[in-house]
Structures are given as C-alpha cells and as structure tokens.
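Enquirer: Heads up: the sequence lines are chains R and A, in that order.
Residues 1 to 114, numbered by this note's numbering, are exactly what the first sequence covers, in order.
Residues 1 to 542, numbered by this note's numbering, are exactly what the second sequence covers, in order.
Fair warning: there could be bad hints in the mix.
[Said to hold, decoys possible] No more than 27 Å apart at the CA atoms, straight line, and that leaves these computed lysine-lysine pairs for DSS-like:
hint, chain 1, residue 1, chain 2, residue 2
1, A, Lys388, A, Lys378
2, A, Lys154, R, Lys62
3, A, Lys141, A, Lys378
4, R, Lys80, A, Lys154
5, A, Lys302, A, Lys378
6, A, Lys153, R, Lys80
7, R, Lys62, A, Lys340
8, R, Lys38, A, Lys388
9, A, Lys50, A, Lys32
10, A, Lys60, R, Lys42
11, A, Lys154, R, Lys38
12, A, Lys153, R, Lys42
Rather than coming from a laboratory, the hints here were simulated on the basis of the structure.
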Amino acid sequence: MLKRLVTILTVVLFVFTAASFGFAGEKGNARKGKYTYKNIYKACNERGEIDSPRPVLNPDSKTQAQWTRVFEKKDFAEFKCSEEWSKLSDNDLNDIYTYLYSYAADSPSPAKCK
Amino acid sequence: MRLKLTHTRYVLFVLWICLLFVAPTPSFAKQKPEAPGLELARQAVKTGKKPTTADHSQFKALQQAFTSGPEISKACISCHTKAAEQLKETLHWTWLDPNSPKDNVKGKAGYSLNNFCISANGMHDHHCNECHIGWNTEGKKTEIDCLRCHGQKKINWEEVFEDYRYFTESEDPEENALAKDAQAEIQEAAQSVGYPTRTNCGSCHFFGGGGDGVKHGDLDSSLINPNRELDVHMGYDGQDFDCVRCHTTVAHKVAGRIYGTPASDTRQSLLEHDLEAKIMCESCHSDNPHHSNSKMNDHTDKVACQSCHVPEFAKVLPVQVWWDWSQAGKKKDGKPYDVKGPFDKPVYQSGRGETKWEKNVIPKYFWFNGSIQGVTAKDIIDPSKPVKLAWPVGDRSDKNARIFPFHVHQGKQPYDIENKTMAAPLLSGEHGYWATFDWQDSIQRGADYLNLPFSGKIGFVETGYVFPSTHMVAPKEEALECNQCHTRPESRLANLTGFYMPGRDRVNVVDIAGWVIVLCSFGGIVLHALGRIFANGRKREE
Chain R
1 MLKRLVTILT VVLFVFTAAS FGFAGEKGNA RKGKYTYKNI YKACNERGEI DSPRPVLNPD
61 SKTQAQWTRV FEKKDFAEFK CSEEWSKLSD NDLNDIYTYL YSYAADSPSP AKCK
Chain A
1 MRLKLTHTRY VLFVLWICLL FVAPTPSFAK QKPEAPGLEL ARQAVKTGKK PTTADHSQFK
61 ALQQAFTSGP EISKACISCH TKAAEQLKET LHWTWLDPNS PKDNVKGKAG YSLNNFCISA
121 NGMHDHHCNE CHIGWNTEGK KTEIDCLRCH GQKKINWEEV FEDYRYFTES EDPEENALAK
181 DAQAEIQEAA QSVGYPTRTN CGSCHFFGGG GDGVKHGDLD SSLINPNREL DVHMGYDGQD
241 FDCVRCHTTV AHKVAGRIYG TPASDTRQSL LEHDLEAKIM CESCHSDNPH HSNSKMNDHT
301 DKVACQSCHV PEFAKVLPVQ VWWDWSQAGK KKDGKPYDVK GPFDKPVYQS GRGETKWEKN
361 VIPKYFWFNG SIQGVTAKDI IDPSKPVKLA WPVGDRSDKN ARIFPFHVHQ GKQPYDIENK
421 TMAAPLLSGE HGYWATFDWQ DSIQRGADYL NLPFSGKIGF VETGYVFPST HMVAPKEEAL
481 ECNQCHTRPE SRLANLTGFY MPGRDRVNVV DIAGWVIVLC SFGGIVLHAL GRIFANGRKR
541 EE
C-alpha cells in the first residue's frame, strides 16, 4: 500500500514538474518575446479592441513569481486582446514570459514597454 | 386708502426684486482689475504654443533604415544645416563657461566642482557624460544627439539599435522578420520631433546630481506634469509652459545663467525691447507688476520677485540637503550596503556616504547680482571653515544686486591637505571610487585627468553650494505676506544685515525718542483734559 502511494505521489510530482518546466525552467528568447508582446497590442489596436498600441501591462507591473504564476495558469484575461493571445504558440508564450520575467519589478532592471 | 397701501406694497415688492438683480452689479463693477504686471504677461504669451509647419514623417531623409544614432543626426543635419555648428558653440555641448579665465576655466568640462558627484573630471567620467547631448558617453567625441532635446517619443536607443542588429544578423527567419519591427520603432522615434518639452529638458535637469530632486529643489520630476499649485507657469491647469517658453532660444543658445555669467544683464520688459529673452520675470511682468498704489512695487529694485513668489521649494518631492562623502566606504559583511530613511530616500550608501533630505524647504536669502562665484579644483581653499563651492555674488551696495532665494546644499568632501585644493575624485567606471572604494587611487586618477598635482594627503572639509530658487512659482495667494520678513525675531531675512528694515530692525535712540513723543502727547492730552474739567467747574460755580 505504502509502495503504491509513493509511486502515485512520484508520478503526480513528475507530471506537475514537467508541466511547469516550460515556463519556470526552459528559458525563452526575451528579445524576441519583447517584439512578439508588442505586436499583440499593435494588432489588437488596429482591430479596434484597445485605444492604444502600447501593451496593457509592463514587465515591472508584476514580480518574477507573479509572472511565473500567470504563465503557469495560462490565464491571460488580464492582458486583454484574447484573440491575439489565443493565436500564440507555446514558444511565443515562453519568449514573452522570459521577457516579462527578466524585467519584472523585482528583477535587476525593471522595465516599462517604451 | 386701502388702494394706496396695496400700491405702495407693490412698488416695494418690485423694488426688492430689482435690488436682488442689481445688488451684485456694483460688486462686479468694483472688482479689482488685474495687476498691470499680470495683464502685460498675459499679452506677452497670448499666442499659446508654437505651431509646427512640418510633418517629419514625410521627409525622405528620416525614412531610411538607421543602424545607429549618429546616422539619425546626420539625417537631421542634412536639412537643418547649421544646427550642429550652432549647438557645438553652446554650453550644452562645450560644458565650459566662455567668460571664465582661460587658465582656470569653469564648467563641467573645466575645473568646476560641486558637492554632489564632485567633478566630471574634464568629461572623463562616463557616468556624468550620460547627460551630455551626444550619442554616447564619450563626451565630445561623438555626433550631437538632436533627439535628446527634440525627440517626442521615449525610447531606449541603445536597446533598440542592439535589437535591430541582432535580428538583422540572426539566421533564424522568425527573428530575422522582427528586424522590421525594431526598425519601425527607430524610424517612428526619429520622425517624432518637435520643440523641447519639459520631459526633454527634465531628463537631465530634473535628475542632476545622480537622482530625482538631488540637486536643485525647485527642479524635479514633479514638474513633468505639474498643477498650478506647484508652478503657476508650468501647471497644466495654469499656463502650461514648457521650459523653453522662458528659456528662450536663439541659434540653439538657451537663455539662462552660465556659471558666473548672469542669465541677463538687463531687466527690461518685452515692451522696452521686443527681442529681449523672456528669462527674467520683468520680461513679461515689467518692473512695476503690482497695482499702482501698491507698496510692493517699491520693493522690486531691491527684492527679486522670486523672494516672495517662491515661498518654498521641494513641494512634492524631497530635495537632498546634505551629502557627507567622509562617511562613504563602510561595508557590512564585506559588502557595500544602502540604508533608506524618510521619504523612502537613501540616507546611507557605501559608495556615496551619508545624505539628508527635506520637503517644503524654506529658501535662504542672499544679495545676488545674477552671478555665482565658484571654487574650482585649481583654487586654494581655507579648510578651517566651510568652503563656499558656489556662492551668490552681490551685496547691498551693488546696484544690480537684489535679495534672492536660494537652496543651499551642504556636505563634506575630500580635499588635498598639503596643496589646500579641493579633490576631484574619479567616481564611475572600473577604476572609479564606486568600484574600488579607494580614495587615494580615485583622487589621483581624477587629478591626472585634470592635469593637477595631488599630494596624497586627504582630508574632508565642509562645503556649501547654492542654487537660485526660481521655479515652483506659487499662485499669488500663496506669495509671502509682509510680516514674514518685516518681523522679529523670525524674519526670513534675519541673516541679511547692514541695512534698516522696518518691522525687523530697531534703533534704540529712535525707539526711545518715539516713546518719549508718545508719552509727552498722552501727558499733554491728560493735562489739557484736566484743565478743561477744572475750568468748566469754576465757570459753573460762578
């Protein structure tokens, strides 16, 4: 019984770790992520959903841990422009995450989208 | 009779109604007209903001693919052919006071010192050079950066050019495609140009001394979008002036004081000389700005407008008032550390020493003829007393001097004990004090850059550095009242001696004579009254 429980727990832990590895472990391309992120809002602005082509959230709007949670949950409602966000590949999302994480409020160089 | 009464009531009723309408009219009629100085100023600035006549996005020169900042400047200069030549003559580029002695030239590129980051080491300190209007921190060894003052779009140039280079050179087609996005950002910013805004000027002048509000007190980032309460001229709900509205510019020469050279040698109004810079209050408000019967007009020859109309500074953000370099260099567990204090500002930094901050600061007042005298790295000092690194010139006998408000920044900084000269340590870079925490080495390097001797013996001396308080002009309702100066013992002008000021000063002989006259008059009245009483009494008896 105990052996089965340990096996199940190990499998569950492995699944969770693997699922979160994409955002917390594998590093994307922050430079690419910055332009992909900006392009979402340019397209969204042209479509007329938002009034400005500037991103709704700046990298320094959240801490690194907060960005990790947002991308783990894949809950992008706060970012608006759901149509554009839904078209992004996992690689794009990882690049954007890396960009936002690298310049988060508690990072060495917090940034705004200039 | 009854009819008559009704008629009378009717007439009275109509009269009361009329009075209700008419009564406010006299108060409007009696409303005080605007002071002549205010009326003149309104006329001088009637036209509002300068309109632009060109859409820069239409120019071919600005539609090319730019790979570096200097390329953008070359595009600007291809049309504005004299701009670079003009700019390179100005203080903004030279960092030198052209009117100072050739062997002891003043300016950040010369021998001038302050009690903030002390010296720019003849433009060898790259940290200071971040505010020089070139494209890099190499001082004058680069092309002018037109967009520093004229760019209307905030952009990190270094980052965007690096991105563009990276994407262009990338072999990944996806990354390669992003090069056009980076270039689009570059071109959009290069084409967004106009007259300098408060943000343009403020990017350096609000952050002088290494941070927001460190230096001036009357200049900090709160003036990027101020309300009228903070500054009547710049307030978005006031006149919404940009800096260049008063710091008028001819051939890129921006009106303003240059070290010892006053901002203007005359105090003429634009009515007297229409091409005069608007840099003085009198330019728009005249030297008789108050109502003709106002006693305040009698002050304008000896008291600067700012003395009453800038009653305090650092009204929104705190200003640094003290910087003690002698405390720098301490470490915790072998590492540099910072301590934050009131206003969330640093009160200790290992690389900088101890600092103090204040808000709503009352200025100090001095006689000032528009010139500031400075101590340079070449001048001999007397370390037994505080060194006046920058101090206002003028006294009561100087016909051009008036009482003026100042922010006085004090501190302690290194000097050469043997040569009796102020030290000019190199602070930034891999050999600067901030990296090595070695005063000997950083002062030697700073001296070498300035070609000055250094004995190797270091002491610390107290210093003072003044800034005229001329921004953050308060609404007239908040200007100083008479009794804030004409009072004792807490007059704002208590430190200015050598002249008689009613309300503040007393001359014992005059005071005694006055009281004698008062008492004699009173005695006379009493005697006269008694005489009348007794005389009347006698008459009645008779």
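Enquirer: Failing hints, ascending?
Expert: 5, 8, 9
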